[in-house]
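There are 8 protein chains.
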Amino acid sequence: MDKTFVIDEDRKHRLGFEEVIYGASKSVALLTDILKDYSDKKTNVLVTKLQENKAKILLEKYKTAFYDEESGIFMLSAIDNNEEKAARIGIISAGSSDIGVAHEAYYTLAYMGVKSKIIHDIGVAGLHRLLNRLEEIKSFDILIVIAGFEGALPTVMGGLLPQPIIAVPTSVGYGTGKGGETALRAMLTSCANGISVVNIDNGYGAALSAFRMIKLLEKK
Amino acid sequence: MDKTFVIDEDRKHRLGFEEVIYGASKSVALLTDILKDYSDKKTNVLVTKLQENKAKILLEKYKTAFYDEESGIFMLSAIDNNEEKAARIGIISAGSSDIGVAHEAYYTLAYMGVKSKIIHDIGVAGLHRLLNRLEEIKSFDILIVIAGFEGALPTVMGGLLPQPIIAVPTSVGYGTGKGGETALRAMLTSCANGISVVNIDNGYGAALSAFRMIKLLEKK
Amino acid sequence: MDKTFVIDEDRKHRLGFEEVIYGASKSVALLTDILKDYSDKKTNVLVTKLQENKAKILLEKYKTAFYDEESGIFMLSAIDNNEEKAARIGIISAGSSDIGVAHEAYYTLAYMGVKSKIIHDIGVAGLHRLLNRLEEIKSFDILIVIAGFEGALPTVMGGLLPQPIIAVPTSVGYGTGKGGETALRAMLTSCANGISVVNIDNGYGAALSAFRMIKLLEKK
Amino acid sequence: MDKTFVIDEDRKHRLGFEEVIYGASKSVALLTDILKDYSDKKTNVLVTKLQENKAKILLEKYKTAFYDEESGIFMLSAIDNNEEKAARIGIISAGSSDIGVAHEAYYTLAYMGVKSKIIHDIGVAGLHRLLNRLEEIKSFDILIVIAGFEGALPTVMGGLLPQPIIAVPTSVGYGTGKGGETALRAMLTSCANGISVVNIDNGYGAALSAFRMIKLLEKK
Amino acid sequence: MDKTFVIDEDRKHRLGFEEVIYGASKSVALLTDILKDYSDKKTNVLVTKLQENKAKILLEKYKTAFYDEESGIFMLSAIDNNEEKAARIGIISAGSSDIGVAHEAYYTLAYMGVKSKIIHDIGVAGLHRLLNRLEEIKSFDILIVIAGFEGALPTVMGGLLPQPIIAVPTSVGYGTGKGGETALRAMLTSCANGISVVNIDNGYGAALSAFRMIKLLEKK
Amino acid sequence: MDKTFVIDEDRKHRLGFEEVIYGASKSVALLTDILKDYSDKKTNVLVTKLQENKAKILLEKYKTAFYDEESGIFMLSAIDNNEEKAARIGIISAGSSDIGVAHEAYYTLAYMGVKSKIIHDIGVAGLHRLLNRLEEIKSFDILIVIAGFEGALPTVMGGLLPQPIIAVPTSVGYGTGKGGETALRAMLTSCANGISVVNIDNGYGAALSAFRMIKLLEKK
Amino acid sequence: MDKTFVIDEDRKHRLGFEEVIYGASKSVALLTDILKDYSDKKTNVLVTKLQENKAKILLEKYKTAFYDEESGIFMLSAIDNNEEKAARIGIISAGSSDIGVAHEAYYTLAYMGVKSKIIHDIGVAGLHRLLNRLEEIKSFDILIVIAGFEGALPTVMGGLLPQPIIAVPTSVGYGTGKGGETALRAMLTSCANGISVVNIDNGYGAALSAFRMIKLLEKK
Amino acid sequence: MDKTFVIDEDRKHRLGFEEVIYGASKSVALLTDILKDYSDKKTNVLVTKLQENKAKILLEKYKTAFYDEESGIFMLSAIDNNEEKAARIGIISAGSSDIGVAHEAYYTLAYMGVKSKIIHDIGVAGLHRLLNRLEEIKSFDILIVIAGFEGALPTVMGGLLPQPIIAVPTSVGYGTGKGGETALRAMLTSCANGISVVNIDNGYGAALSAFRMIKLLEKK
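Residue numbers (the working numbering), protein chains in the order written: chain A, 1 to 220; chain B, 1 to 220; chain C, 1 to 220; chain D, 1 to 220; chain E, 1 to 220; chain F, 1 to 220; chain G, 1 to 220; chain H, 1 to 220.
No lab work stands behind these hints: they were computed from the structure. Just so you know, even glycine gets a beta-carbon here, dropped at the ideal spot from N, CA and C. Mixed in with the good hints there might be a few duds.
Claimed, not checked - Pairs of lysine to any residue residues, derived as SDA-like cross-links and limited to a Cα-Cα distance of at most 25 Å, are as follows:
| no. | chain 1 | residue 1 | chain 2 | residue 2 |
| --- | --- | --- | --- | --- |
| 1 | E | K178 | H | K138 |
| 2 | B | K219 | C | K215 |
| 3 | F | K49 | D | L30 |
| 4 | G | K12 | B | L130 |
| 5 | D | K219 | E | E135 |
Said to hold, decoys possible - A few chain B residues that face chain D, going by a derived Cβ cut-off under 8 Å, partial list only:
| no. | residue |
| --- | --- |
| 6 | D8 |
| 7 | L30 |
| 8 | N202 |
Just need the whole structure built from these sequences, with the hints factored in.
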């Protein structure tokens, strides 16, 4: 039985970014095969939603690889993101439980070469926490807004701020909030104008959506 | 076939309020029978969610009856609510489309002898509209907060205000907001503390929930 | 990457109660950081829905801390609740499987300084168990009514008793009752008047809802 | 194109009852064809859920036919049900809006030759209405219990009474109760033992389920 | 905190059967307390859906207790069911994966003193398996019909057989069949007449429903 | 604003069949424009799910056009299907209410030049109706099996017959069967092997699926 | 009763665009009041999803107003959009039934002063229609991609094109596609990277999301 | 208690293929019993969806048995599939995570004696991967097309290729894609014509559906 898997090598040319590996449903054996390709070519690669037990095995093989436990992001080599240029994208989270999704967006952007900054824990139950930081938030070109439970934060921000807003619902919550469906639907139904939404827990997709805008800005 | 229907005449004694007639699924014939009972006894009665075509027929029969088109509230005699005492309950609506549910709460409370005030159209997409009226809203004993679409208003108010808050989702919206299920689930999943929720479009139930609290206050 | 989390320190002033820590989705590391703040300030703090394995580690660190296995409630110091004053809030459960949610409401109220009493296991399948205790139940100011399966208890109580009733659906059940959605919807759809509802398994939210009413009573 | 439709003429022999015509989705033309067959053979036939506009046309054709507006039941000749024998089946409804489903069960049983009695409007929001009639209800062999909204009545009756109970959810209600799904799920999830359930608004199915039991009793 | 749980001791008198213990959501500690009561009184008791790990601990304590791994049924003393009287209730399963639910019905009936017989594995994908045993199946008073996947067996049997049929959907299946919801809805929507349905995997409830009919037969 | 719509003229070449017009959501004006194109070229065209009010207007314009009220099928010229060649495809319906979907499949096949035969009303509630015609049904190359309510017919046929079976759920039913979702899921979950399924009410899609098989047969 | 509704007059200042009127759920009376305000101030205003019967009445009052039947867009004065500057935003639709949503996006952008171009009917069932126009589509800054049924078009375009893509699901379809939920979920679940999504039929929201990006571009 | 399970031994005669064992829900004990039957008769047998822990035990017993970890397929003896005849069925997968379902289809066909070929990883996010292999894909008689996430691949292939297409949704994905429901509904709602669909992850069912067509071809 033929088992050749096909990397979309032309993607960078078409879209401006490389193919990324979805780690959650792949076996260590398959991931090892794929990573070897990249390692041999001495190019970095991004793996998303990699479970900790699988990451440990891969980290033993690739001593200089990077893994973030909160988000499951794995890269063959860590990205240096400490340079002093200003962050163009603000990643805003409603609660500290949203940290994994925030990190997924952050490291994806870093891998794509885009500087961002995370602002944690300014959900609408304590509105002043958001209002206090409004000036700082206004300075970003694009906002990625992450929330679980009832997902109200993007709506409130959408009424206060003029930038493009990409809303990310998270699966944080229980009962009616379990699985993130309520936050997702609330964001799609938002009475605030011009917010767009990505899949539940999809920090990676939000980063790519922001990246497409950044590319457009750079083209101008 | 026996067709006797049973009025719960003891309810006032047990609960402090009379049985109320759910009008939406009753025929004009049945409603006429029931209203005759009350009319003969010269007591007022409250009918909820009465459709306009049925209301017209009943208004012809009972010339002094009252009907509100927005909410479908019908009473055998109108309630005089203009007295100068202060409103104890604030009925806050997110958008002007929520007017029917707001009226249902308002007239139910009036029928129960409780003064309330409606504040329209201060949804979170324009946050300053809410913040501008915060002092006035603080003066109410109890808040009934009504919202369709993503239903974020009770969450924001719950983070700003200490009173009992009864949240009412409405069926205003389309797509993912159609039917009010998203607003309902968002309110139940709220990250704000101590908000309780009633059925979609149930302004009547919110009024009764507030009425139970008022009775408790009066007992003290 | 900035990892500062923001405590809503103004909440007590705005709402009359402190911020509470949702334990279920936080790592032991993060919880340790947060608890240290409170421990240093020698103030108590409430953590909800804390899993047993995480609680064990924290209990080793904080020898005088309190943990309730049924509900997952954790506090830095136990609340003394044995004083002789009468309970103002009745916490009524339909079945013995609802005990965890009942405890969550009980300890939350205790932490807020409010005395309550739990009455277990008087669900409607054996109606006389409820009817036998009706007089006692009438003596409470506010009722928190907890039920899984079909969630009929609040409806029956709402028809018998005049107090404010906060209904809490639980995730006890299987098949059509799995996850608590049926109990939730039944409570929201209740034909009894003026019952309000909180999220599935949300004993904490019911306690806070009752606390808002108690504050209102005390203001008068 | 062949358009012959097939009547299940053997059903009476196999199951003890004739095939019944589901009227809701058939055109007047098709119904006319089918009824002609029965009319020619001078045998009665039962049509269920027939809409009023279609019934009117058929009533003009068959002057001695019977039609009940509440339930949409149609028969070529009315059933005489006034005889003095005692009703064996109690049809209990929670609210007056459930009348259509109660009638569907009643007339189906009558058509099958079984005497029943309807007791209207004893839902659990006014529990004494049920308790007052408990002795009468105990006298029936089998109970068909009909309820919309949260559907709690069968649960309460199942805890009080030992007979076979067939629960019928109705589509009466709005918001979370719309369409009858909540009542259905509540009845299936009932904590009371040994209640069985039929489809939403399916008074006909409940009658047939009772009829199967009656046949069993008669065999003994 | 008061922790008294209330046994419904009057149930036998009202309904003809004792209260039964739902084992799935109770701790070993609580179950131990409850079983002690029965053991002290030297009466048997039925526990349903008891997980294997909990059963093992209880079996060590009660050496003469009975536990069935397939169904999770636990009794303080085994029921002798080998007597030669004929089975009155046929328990019919569509596939061998439905064995647990079939056993739950079987042992519940045995505990109630009613003889039944299980016929395994005659689902409609091999129709002749059912047709071959039709004569035997006709001999039972009542049929409990159990099926997972698409749940078609009760429909086919309902068209062939005149007895009361209690349909039990099971959670056997994957994809669209996962959790049993499809089998449940198919049974409720059945085009066959007079089938009634209980909750998913509820072999116990089906047994109790049959028991109510048996009691009625015995009364006659 | 450019309003040019694009006909997929290459489809016949790629797939062996022309583009077909979905009529339900197009205005009369747009349909008129599209039909004019075909009329001018003197080629026939198939329109599906066309509402009666719109069909009437178009029939006035195109005097030789064909319209079937049951299915909403419209063609510029009727297809002569009376020739004596044997039907290759059997269209089997469970109940007479499924007639519209059966016709949609029938006329689509006729338009594609494939002879089929409809066998009405042999649902599983009267199994002998199916068994009586088994030999005839065996003679078809391919079976399209149509059912509403619980959708059990394809499962039973799949266990009896070796041909390719395309199952079509219909939206016939009420309560749990409303909209056809139950029939759809039951067919997908079928315990019978090798049945494939198309969208609810999609007689057209079933015909095209059969057509693809016929083309394959002809190629051989 | 106070009936003052509150226009968010500060919105232009905060967000760069005026408040827009959601027309679907407002009465003609209320709309007349609101439009009078704008008419008196001689400023234009945008009303969305206005039903035809209500539009006719308003068009009689405001003779120079503009109304588009496909989308329900209403403006006090028509926007002149014929200027020769190039369109910056491409509005791509999968089928001709998506025309209403495409128009809603188009006129909203026009009202905001942004030139766009609609390309109709290039859905993936005829892939060459899309491939043929790829060069033209590459020239737009931002893409709004509209599709009903299974909603695959944005996924395919997202794999071919590097621009920001805002996907809009439509409620075009029947059976499993009814209401647009399937298209919505497919777009959110897309395997293509960096697509963001708005509510079903929300052409207006997609336009606003694009407008936020345009504003960002202009700021640079 | 009788525990005889019934093998459908006549199935081969009726349908052309043997009964297959669904392994997921059967205990090792039961599987051992069943396999012994086949082993004694020295005939091969196919078991589907067998979990790894159970397979290990059975592999110890049957040393020459075959087990595929990706799909859970188990056979008493491996099938030799290397012969040089051309594959008649193309099994096309969208992503490498779909490998288990592809294998299930592949080995089922092999067991039935039908040669197939798997083509991995040509999902629509990189369209050229599909277009590059179009000629090869055209050569197959029948296509089984497997996709998770948004499930767009069958739609795109259905627009390009004329063969029978059996679409298989997989449970690969998270958030809105979790469990495979989105891919399932997208495939059923496909705008491409004549695609039919089987249950989520049902590679086995797709193989049987293809097998029915192959039998039909062979008959000709």
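Violations among the numbered hints
Violated: hint 1 alone.
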